[in-house]
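Single-letter residue listing:
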Amino acid sequence: MRLIDTAPVRAKRGSRIPLALLLPALLGLVFLVLPLAGLLIRAPWSAMPSELSSPAVWDALRLSLICATSATGVSLVLGVPLAWLLARTEFPGRRVIRALVTLPLVLPPVVGGVALLLALGRNGIVGRWLDSAFGITLPFTTTGVVIAEAFVAMPFLVISVEGALRAADPRYEEAAATLGASRLTAFRRVTLPMIAPGVGAGAVLAWARALGEFGATITFAGNFPGKTQTMPLAVYLAMETDPDTAIALSLVLLAVSIAVLVGLRDRWMSTP
Amino acid sequence: MTTPSLDAHLQVERTGFSLDLALTAGAGEVIALLGPNGAGKTTALRALAGLLPLTAGHLRLDGKALEDPAAGLHTPAEERPVGVVFQDYLLFPHLSALDNVGFGLRCQGRSKKESRAEALPWLARMGLEEHSAKRPGKLSGGQAQRVALARALAVGPRLLLLDEPLAALDARTRLDVRSQLRRHLAEFDAVAVLVTHDPLDAMVLADRLVVIEDGRVVQAGTPAEIARRPRTDYIARLVGLNLYQGVADGRRVKLASGAELTVADELTGPAFVAFPPAAVTLHRGRPDSSARNVWELTVAGLDLHGDQVRADLTGALPLAADLTPAAAAELDLSTGASVWATVKAAQTHAYPA
Chain A
371 MRLIDTAPVR AKRGSRIPLA LLLPALLGLV FLVLPLAGLL IRAPWSAMPS ELSSPAVWDA
431 LRLSLICATS ATGVSLVLGV PLAWLLARTE FPGRRVIRAL VTLPLVLPPV VGGVALLLAL
491 GRNGIVGRWL DSAFGITLPF TTTGVVIAEA FVAMPFLVIS VEGALRAADP RYEEAAATLG
551 ASRLTAFRRV TLPMIAPGVG AGAVLAWARA LGEFGATITF AGNFPGKTQT MPLAVYLAME
611 TDPDTAIALS LVLLAVSIAV LVGLRDRWMS TP
Chain B
5 MTTPSLDAHL QVERTGFSLD LALTAGAGEV IALLGPNGAG KTTALRALAG LLPLTAGHLR
65 LDGKALEDPA AGLHTPAEER PVGVVFQDYL LFPHLSALDN VGFGLRCQGR SKKESRAEAL
125 PWLARMGLEE HSAKRPGKLS GGQAQRVALA RALAVGPRLL LLDEPLAALD ARTRLDVRSQ
185 LRRHLAEFDA VAVLVTHDPL DAMVLADRLV VIEDGRVVQA GTPAEIARRP RTDYIARLVG
245 LNLYQGVADG RRVKLASGAE LTVADELTGP AFVAFPPAAV TLHRGRPDSS ARNVWELTVA
305 GLDLHGDQVR ADLTGALPLA ADLTPAAAAE LDLSTGASVW ATVKAAQTHA YPA
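Going down the list, the sequences are from chains A and B. Numbered per my numbering, the first sequence finishes at 642, counting up by one with no gaps. Numbered per my numbering, the second sequence finishes at 357, counting up by one with no gaps.
If we strip away everything but chain A, and leave its shape as in the complex, we get (with noise of 0.2 Å):
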């Protein structure tokens, strides 16, 4: 128990922590807080009302929230079985599918944009059966917008619940067999609501990747408003026309952010 009271040593050691540690970490600090203060201070807040009353702003953020939640849940959709098959199963090259699985997480954006392009474009592998067969087109579309978001935060989801899922204790589902219960019942009605905070936990990462996505977004779908154009888009393409208009919209970002951090905080992502 001596070992888990750590409180008093806490308190003892504050007095004294070494300045080779203090300095850089108050200067990441300042790095991390100064360029939101920089928002906060230059934002043009009499300019605000006017600003956001266009309709343009708001289509652009509806757009954004539609694509980012629609994102996620394909992400939960196919992350959270795929996360499930790298936990929980056995295969030959799974060490290697798992790190398949991962490369968006390290690949530039533009470069998963160019390679969705590759494989969904008009003249892509399976973009061109698809047109030919179904007359679907996937580029340049909303839908395209929604797949560009997903490929991008799916691997954080299927991250965080592979994660869960190796934590959670695989007998409960031995025990939910000797119940009766098939592999997916018990995934179903155990596994799942056991490793609902991991899941939670990955679907706020993955909804918060998805509304950031920009280099994806404007390689796959372009950049069309109303259509394709989410804020992040918009926001780079007012700042080179009207910086008022992009601080605006970045206000707008960082306010939906924060909110959801905090609305999630205390239910998922609580840390001791």
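Hints should not be assumed to be uniformly reliable.
What the hints assert, rightly or not - To give an idea of the interface, some chain A residues facing chain B are shown, with a C-beta separation under 10 Å as derived from the structure:
hint, residue
1, 550
2, 551
3, 553
4, 556
5, 566
6, 589
7, 593
Hints in this document: simulated from the structure, not taken from any laboratory. Note that the Cβ used here is the ideal one computed from N, Cα and C, for glycine as well.
Based on the hints, put chain B in the right spot on chain A.
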């Protein structure tokens, strides 16, 4: 016993370990698998539950083949009429006690409402009605054990498996839960197999003991038989007897070490000799008693065993002796001391090996 309800020959091969265990039991019988850690008890239980495939052998329950590797038959765990109470219970932490018990019923296709209505009487039988809404985290160890038992019984299994059912409980709860478990097992009309390393649990709860060591059966029988006639050092230690194996010729049994024992029973051929530590008398000098078994031995260790002092002696043969603390003080026993030990032939029990 007519046709056995459970007819199993469990053979499991794994690197560095093999299990080969034949097990039969009639309806209503409670079998205890007793053995040291690593003997293969849990492996046997997992094989019976269908969580671990057999390498060879067979498993039949109520005349129906559940597993037969030679014929390529393996019934998965979820399709076996088998209930399991796990060592640490594995109650689903996100479900109430009532929904834990109802889980198996829901898997059988009942609605939430039906499963709850059916699960409630099971909780009531365990005396846990007022705890039905609690999550497992809010239950005491003894309550969780009973919920786990109710959950396993609720689906009406034809084979009930219990893995160290009392191991996770503290000493006081254990006594209480043991007697309740005994009652529930007595009411259970199908076969129950429990795994334990505690001989007291095994003897209180089971009709028949199967002792396994290194994946093999070393002895099987009623608790009384096994307590009286142990056949391995492990069982002898469990039931607290000195045990020797040798070759009998009339009333003398010659051990491999060269030592000889005089016994009351007359027999010839390979034999065991057993006697309790309390049958040993210690003397500081060579005794003049009529005892035929007299050895000069060295004290290897002393420790308190209940209200008795247990002396471990080495020499011509290893021997455990019990004496009162007063007698130990009078003899001035200490580790390394030399003592004479005597055992009356009438207090020994010899039986064929």
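Q. Which of the listed hints are broken here?
A. 6, 7
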